[in-house]
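**Q** Same order as they appear, the protein sequences are chains A and B.
Residue 27 in this note's numbering sits at position 10 of the first sequence, and the numbers go up by one each step.
Residue 286 in this note's numbering sits at position 257 of the second sequence, and the numbers go up by one each step.
If you are wondering where the hints come from, they were derived from the structure by calculation, not from laboratory data.
The beta carbon of each residue, even a glycine, is placed where N, CA and C say it ideally should be.
Any given hint could be a false lead.
Stated by the list, open to error - Covered by chain A, per the in silico footprint, the following chain B stretches (three or more residues, Cβ under 8 Å):
(1) 75-89
(2) 330-342
(3) 420-431
To be verified - Think about it this way: if two alpha-carbon atoms lie no more than 27 Å apart in a straight line, the pair counts; the simulated DSSO-like pairs of lysine-lysine are:
(4) A:K24 x B:K474
(5) B:K421 x B:K233
(6) B:K233 x A:K24
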Amino acid sequence: MQFVRLKPRDGETVALTIDGRSVEARAGDTLMTAILLHAPALRRFEFGDGARAGYCLMGACQDCFVALADGDRVRACTTLVAPGMAVRTGTRDV
Amino acid sequence: MSDTRVVVVGAGPAGMRACAALVAAGLTPILIDEAARSGGRIYQQPPQGAARPGRELYGFEAAKAARIHALEAQLAGRIDHRRETLVWNCFEDALDLLGPSGPSRQPFDALILATGATDLALPFPGWTLPGVYALGGAQIALKTQGCGIGRRVVFLGAGPLLPLVAWQYVQAGADVAAVLDATPFAAKLRGLPNMLFAPATLAKGAYYVARLLAAGVPMAWGVGGPRAEGDGRVERVHFVTAGGDARVVACDALGASFGLRSETQLADLAGCDFVFDRRTRQYVPARDVAGRTSRRFVYVAGDGAGIGGADAAELAGERAALALAEDLGLPVDVNRAAFLDGRLARLDRFRRGLETAYPFPAHLLRDIGDDTMLCRCEGIAVGALRAAARDKGAPELNRAKAFTRIGMGRCQGRMCGRAAAELLAAARGEDLARAGRLRGQPPVKPIPMIPELLS
C-alpha cells in the first residue's frame, strides 16, 4: 500500500475488489484513497515499464485513471468509492 | 438585466466572491465547477463522510475557508450552481459542458474565468515512480482524505507551500524524513522587504519553518540534483546540498513540485490575448487591473489569471464582477472598486517579495540528463525535446510538440508544458518568452466518447 490513513475515522464501510481481492473502504474515500490504502499502484504505465499511482490529486494530470471491471475508466482522485466497485490495476506482475 | 447570461467558471475563492458581487449587482450568475462543493483547491472540502474540523483542515486559514463555504449556502437559490460539471470547450459566446446529466452547451453574454492553478511540476529522475506526488497533491490527500502519501515522507519544493505542507504532515503524525528547498536561504532575506506588505502571511511562513526546525525535521536549502529511486516505487531520494555534498534519504513517498502554474486553457480557447509574465515565467491572459481581457465581456480572476494566492483571488473575483457589472451599464460602487484595487496592489508587492524569496529553480532543469522522462503521460524523454529544439530547429513549443508529442498526452501539457518551455529556451539559448506556450485544445480534459458529442 502507498497511502496511510493518518486520521482514522468511523463511518459506513464500502466493499470493493482490487484485482479480485475484497477490501474495505470508508464512505467519503476517493477511489484513489480506497485503492492506495491496499495496493501499491493504480495501473500499469502503457507507454513503458512500471506502474503509476497518481500524481496531482486535483484532476489535472490524468495519471490516476483506473480500469473498472465493467470496462469503464475513471479518474480515481475525483471519483468517490462506491459499493461493489471492481478495480483492475493489472500491476500485480509489474 | 436578469436575462443576461453571466457564467462564472470555478468555485474557488475568486469564483465565489465574483458570484456574490454579481448577485449584489442584481444578476443571477451560472457557477460551473468540477467539484461537488465550493472552495476550489485551496479551501477544498472533504467529501460527505470525510468531514473534519476546519481548523485541522485549513489551519490559520480556517476562518477564510469557512466564509467561502458559507457563501455557497448564502447564494443558494440566487445563483445557478452547476456542480461536478466540466467546461471542456469555450467558444466566443458559449461553453461546452459535461455534467452529471450529460453533455450540454451553455451560451453566455459575459464570462468570468476563475480557473485557478495547479502545482508547477518539473521533471527529475524517478519523478514518475509510484509514491512521488505533487506537493499540492500531498496536501489534498491529507486535507480531504485524512491520508498521508506515505509513512516516511520527503518534501521537495521551491515555494511557500513546502514548509506549510511539511508542517501539516508533522502535525498529522507523519514521519517527515526531510524538507528540501531548491531555492537558497539567502533569497528569503532578499524577499523580506516586499513580503512585509503582507506581514501576517510572512509571519505564518516563518512560523512553519521554525516549528519544523523545532520538531527536529531535517531541512536543507539550495538543494540540487534530486533523484527518486526504488524498486518499482520510491524508496529513497538523492540530492546534492548547497555545499555540493551528495546525500540520500530513505523514504516511501516524496511530495515534490516547484511553485504554481495558472490554468489558462479556457481563456485561450475564448480567444483572449496572452502576455508573458516574467515574474512567474509563464504566459497569462492579458488583463487590466480589474480583470478585463482583450475579449469584450470575458474576464479573468484569481490564480488562473496569474499567480497571486487565495487572498488576492477573493479580491480579484469581486473586482472582476464589479467590472462586468459596470460594463453592462449597472450601477457600481466606485469606492469599493478603488478599495479592491488598493488591496490588490499591496498583495502584488507581497507577491513580488515571495517570488524573490522563492526564485525559479532553473538549476534543476539544467542538471537533468536527456533520459529523464519529461512527458509523464506518454513517457517522452527530455532528450527528445532538446533534439527538436536544437537539431530539428523547433523555434517554439507548438512546433516542438509536432515533432515530439510533448503536450499531446492526456494532461494536455499541464504537467510538462512549463518545463518544456524552459528546456526549449535553454537548448536554443534564447529568451524564455520566445519558447511560447502550448495552445489550448478542446477538450481541455479527457471526456468519454458520448454519442451526442460525436454528432
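**Q** Hint by hint, note whether the structure agrees.
**A** Results for each hint:
Restraint check on the segment 75-89 of chain B versus chain A: 8 residues with Cβ-Cβ distances below 8 Å, three needed, restraint holds. Coverage of the segment 330-342 of chain B by chain A is violated. Counting CB-CB distances below 8 Å, 0 residues qualify, and the rule asks for three or more. Three residues within the 8 Å Cβ limit are the bar, and the segment 420-431 of chain B against chain A gives 0, so the coverage statement is violated. At most 27 Å may separate the alpha-carbon atoms for a hinted pair to count; A:K24 and B:K474 exceed this at roughly 32 Å.
Between the alpha carbons of B:K421 and B:K233 the distance comes to roughly 48 Å, so the proposed pair goes past 27 Å and is violated. A threshold of 27 Å between alpha carbons decides the hint, and for B:K233 with A:K24 the separation of about 24 Å falls inside it, so the pair holds.
The structure is inconsistent with the numbered hints 2, 3, 4 and 5, although it conforms to all the rest.
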